[in-house]
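All chains, please: the whole structure from these sequences, using the hints.
Chains A and B, in that order, are what the protein sequence lines are.
For what it's worth, numbering that gives the first Met the number 0 labels the leading residue of the first sequence as 0, then goes sequentially.
For what it's worth, numbering that gives the first Met the number 0 labels the leading residue of the second sequence as 0, then goes sequentially.
Hints are supplied without guarantee of correctness; some may be wrong.
[Stated by the list, open to error] Subject to a maximum C-alpha distance of 16 Å in a straight line, what follows is the list of computed EDC-like cross-link-like pairs (lysine to aspartate or glutamate): (1) A/K1 x B/D99; (2) A/K116 x B/E5; (3) A/K124 x A/D49.
The set of hints was computed from the structure by calculation and includes no laboratory data.
Every value quoted in this text rests on a predicted model; they were computed, and no experiment measured them.
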Amino acid sequence: MKDVIFIAIALVTLGGALFTAFNKSIINAALGLLLSLVGTAGIYIYLSADFLAVSQILIYVGGVMVVILFSIMLTSGGGQVFSNNPAMSLLPAILLVTGFGAIYFYTTWNTDFTFFKNEYTPTTKMIGNMLLKEYIAVFELVSVLIVVLLVGAGVFLRKELVLKDSSKSEEESEE
Amino acid sequence: MNLISENPYAYLAIAIIMFSLGLVTVLTRTNILAILMGLELMLNASALNFITFAFFRNSSILVNGHIFAIFVIILAAAETVVAFAIVLTIFHQRQTVMSDKLNKLKG
Numbered sequence: 000m001k002d003v004i005f006i007a008i009a010l011v012t013l014g015g016a017l018f019t020a021f022n023k024s025i026i027n028a029a030l031g032l033l034l035s036l037v038g039t040a041g042i043y044i045y046l047s048a049d050f051l052a053v054s055q056i057l058i059y060v061g062g063v064m065v066v067i068l069f070s071i072m073l074t075s076g077g078g079q080v081f082s083n084n085p086a087m088s089l090l091p092a093i094l095l096v097t098g099f100g101a102i103y104f105y106t107t108w109n110t111d112f113t114f115f116k117n118e119y120t121p122t123t124k125m126i127g128n129m130l131l132k133e134y135i136a137v138f139e140l141v142s143v144l145i146v147v148l149l150v151g152a153g154v155f156l157r158k159e160l161v162l163k164d165s166s167k168s169e170e171e172s173e174e
Numbered sequence: 000m001n002l003i004s005e006n007p008y009a010y011l012a013i014a015i016i017m018f019s020l021g022l023v024t025v026l027t028r029t030n031i032l033a034i035l036m037g038l039e040l041m042l043n044a045s046a047l048n049f050i051t052f053a054f055f056r057n058s059s060i061l062v063n064g065h066i067f068a069i070f071v072i073i074l075a076a077a078e079t080v081v082a083f084a085i086v087l088t089i090f091h092q093r094q095t096v097m098s099d100k101l102n103k104l105k106g
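Below, the structure is given as structure tokens:
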């Protein structure tokens, strides 16, 4: 039973990733990415990462995917078919990535990992302790990063920037 | 090691395939947002790798890999927000999000 659900989750995850890589419609690609991220949250539960599974759904599905869908709607529109890269068409890219994946598979299978079977444990308390003890410097740096991020996004989307450029294009069109 | 879900190589294989699909997306697309989605897939695969090795490692501290995955998720979210702002600004100025059309610096 455990295995059946695991294989179903893995198929959902990889199917979503396939949709993202090969679907022509960008909205379908975004929805495939959504499926893939939810499936990854399911896989995290199999790896005893309960806190991460929930934060994956909260941050990725609730935040990142909403932002990506919004930016698709606000820029290219839902119906647009997006073209392939003229510098790298599909077949050479697939060959290149298959070669890369084969090397990766080969090294992973031939490395002598010593695996150990851990028990399933709740991890939230441990993560909190680690974040506020050993990784406190990184934690503080990330909070500074998020402040910078908010200011940076605000600067990019500032109204004067858009207004100034629209007035400039008006001048150009008058000329 | 009889169950597939208790075999670490199953998780590593999922991560490898997901990373490769993300790489294909980044290489073949010209839409900036699609390239961004490929990046998300690759970051997700690397976080999955971290958590796999955190779970199948013989250590008293289980969550070292989880901390890395949390920071990967935070950085992915931050990157997406900045990319959203940049893409919207580019779209306001150039009316396109195709990376092969954004060649103003070519002269």
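Verification of the hints:
no. : hint           : verdict
1   : A/K1 x B/D99   : violated (46 Å)
2   : A/K116 x B/E5  : holds (8 Å)
3   : A/K124 x A/D49 : holds (11 Å)
The structure fails to meet hint 1 from the earlier list, while all remaining hints are met.
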